[in-house]
Amino acid sequence: MAISLRVNGVTRSVDAEPDTPLLYVLRNDLELNGAKYGCALTQCGACTVLVNGAARRSCVTPAGSIEGNEVTTLEGLGTLDKLHPLQKAFIDEQAAQCGYCIGGMIMTAADLLKRNPQPREADVRAALADNLCRCGTHNRIIRAVLRAAQNMRGQ
Amino acid sequence: MNGPRLTRREFTAVLGGIVLSFSLAPKVVLAQNPARLPGSLETNRTLDAWLRVNADGSVTVFTGKVELGQGILTALAQIAAEELDVPLVRISMVSGDTGRTPNEGQTAGSQSIEQSGTALRMAGAEVRAILINLAAKKLGVPADLLKVNDGVILAPDGRKVAYGELAAQADLKREATAKVSPKPAAQHKIVGKSVPRIDIPGKVTGAAAFVQDLRLPGMLHGRIVRPPRYGARLESFDEATVKAMPGVIAVVRDGSFLGVVARREEQAINARLMLMEFAKWSGGPLLPDPSKLYEQLMSLRSEDRVISEKDAPLPAGADMIEATYHRPYQAHAAIAPSCALAEFKDGKLTVWTHSQGVYPLRATMAKALDMQPRDIRCIHAEGAGCYGHNGADDVAFDAAMLARAVSGRPVRLQWMRDDEFKWEPYGPAMTMKLKGAVAGGRVVDWSFDVWSQSHNMRPGDPDGINLLGSWYLAAAKRPGPARHAPQPNGGGDRNAITLYDFPRQRTTHHLIMENPVRTSALRTLGAYANVFSIESFIDELAAAAGIDPVAFRLAHIRDERERAVIEAVAKAAAWKPGESYQKGNGRRGRGIGYARYKTVATYTAVIAEVEVNRTTGIVKVPRIWAAVDAGQIINPDGLINQIEGGVIQSMSWTLHEQVRFDRNGILSEDWMNYPILTMPEAPRVETVLINRPNERALGAGEAAQGPTAAAIANAFAAATGQRIRELPLTPERVKQALASPLIGKPLIKIRYPIDAASDVVEKSL
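Sequences listed follow chains A and B, in order.
By our numbering, the letter at position 85 of the first sequence is numbered 85, and the numbering carries on one by one without gaps.
In our numbering, each number is its position in the second sequence, counted from 1, plus 155.
Extracted from the complex, chain A is given alone in its bound form:
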């Protein structure tokens, strides 16, 4: 059964059941790596993408339910040649150890900065409260988000 999805500005048709979690469609059909499988329970945040600009856990979002919506993954945010300010800030702060959680962190932060362009540190911590990092990169992640916010305001 075909589902039509708009992902990173491009309309794509995918042959999958409508109840297929968006995560597997993004990863396996569209070959996008940004969203990661971590728990499929909405507990860790590694699978976070933007749907119409708002953070959404793709692990429990049926792909069929978001036809007609705009999905943005880490790849759609920016590329190596044209980094999004968040991606650049994560590189500048070296805000990763293993990096498996980082895509979800960046997407959740993108949602935050859209709603709140001038977050305080406490706002960043609260926004990322349900994104788990196991390596202990917490402080660098927080600094990277604050740095990105500053750079985005300066543009």
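Example chain A residues on the side facing chain B (calculated, C-beta under 10 Å, incomplete):
| hint | residue |
| --- | --- |
| 1 | D19 |
| 2 | A35 |
| 3 | T73 |
| 4 | F90 |
| 5 | C98 |
| 6 | G99 |
| 7 | R140 |
Source of the hints: derived by calculation from the structure; they are not laboratory data.
Given the structure is predicted, the values throughout are model-derived calculations rather than measurements.
Idealized CB from N, CA, C, for every residue including glycine.
For this one, chain A is given, so just place chain B on it according to the hints.
Just chain B now, kept in the frame of chain A:
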């Protein structure tokens, strides 16, 4: 930058059977009694096992160590670039591939810089000298007049030869001599710099950075069905219904090993759920009673060894105190459940794995699958941070089992979240019993006993097969036995021997030989709990002596580098002598913890500040200071990242983490029942680095965990006057401690000399 990422192009190359040839088995004639070579050169002795200079001037570095998120490939690239005088952008890294790289065993124990880094440093210096000698001949200029700049050899008259032009003539298929001195630290331009990690740009833009991201042509998806508890037998399951489900290609059963292969990932997940629903299991031993866990573990058969002993006479009149500490089973809890890809083709097996040791995995897989090691190739691809032996190796075996059932087609298998939590080998539960006596402000007697299951049940065991799935096959394989590991590495006894200069001391390791709960290597092995207990008890002795904990430690050390880190952290935190006795309002306090990792490696001292909510029992840690001496620093920012990570992970272990179970099975199956530290809880961490450019470079990935746990526990004791000796410091334990006045006191006090007549036992000090 040409990083270590596995690109699609590389897979195609692998799939196309293009395997470049290297001298893995030395093709050169080795000396009869070969000289001992430094680092991993000792076991991988030819230069081209490590380095290849390419015609385009680039350099390929081969290492048996693998990236686990610790930044090791960046650090090793720095070392190679430094010795060869090649810019980092021209270095490409190949790591952990039984078809291409040296065998360096496991990437574990914070030893990669010492083992692989040393090999690359020596090999790099030697290859540079070989290239210079070739250039000297070509240019007719004495070698010592030549200089190297960015991979180009320059003569005084301005003529130049690039490395690439010499690549074809440079014979690197020869045994390393280790006779060429590497650069002195003063000349370093790349080593010692905070070079950005080569893998981070790809990871923040969605490159295929992880084994989870690999996609092979025709790839199928697998899932595994585990029993409800350890050792249960599969009696029956509904094969017909599952086989009729959409996309299902194979249901794989061998004894009590059960898995499924499907065309699409979600189809495999659905089929797994269906299999679980109708599978019938029987048997399997009961787990220990969690309310009597430590007594039950200590009653199991153990092999006891005194690992350190000093027997100075005991002064009369010293008071001995005794206290017992516990650490529960704790999980690696990687953010990504373990994953592997496997492909069987023409009798050969290829596995893409995030194992920490591709060679030991290959050897053990060969035994488990009744294959020859030469018919198996294990290729490392990154997983999420593993922090030790998690499900990485097991899932590789599982994937091979599934791939064998659909021969010719590659299978990608990722464990589900509950597979990882319930079946990974945990860091063992441990009991530490300490006794000590102080007289005249000094420790005059010390004894330390630790009880623990094995901390090393990895693949590579000579007798057993340490792969989970193989224990459930119809022809069931057996795991290897628990084994003592020699000091200073040790296992459950890592960091058990006191670092302090005590004239009289005895350390005993009670290795529990049974495995009621599956355990293996978790970051630091026994060091985390041993240092937690030793450094907590040092504070108890300092309190008994009425001496400031920082001053008490400084009075018992003998090494200037130990002194330097303790003083540096006290200075950074503006520690005030005696501050830990100012009980204040019972809510806020600071504590220190110190250790030299493995007793011979990195020095780390940590001070933690805690805030205790006496109503909720919640302990917050707003700030942590760490001072670190890891010898020569290769990458300062990388070192800070490792220390910060170790501090925060240890804080998570110390405040939150314990595997929940009842007698029927493991109950921790997701992040709700195995919570870890969250973003709002993260402390500010300030790290002071002490660089020793002329000392051996030491690993730091495991240096901070023990000291951090002790610093937090000591800060809690300083804040409240109560001591919690059982990890983690959960709100329930905190409330219990605050409600019971005696819990914080040392349990027994005995007055020396001990004899039948004068034995005085008191309930508290």
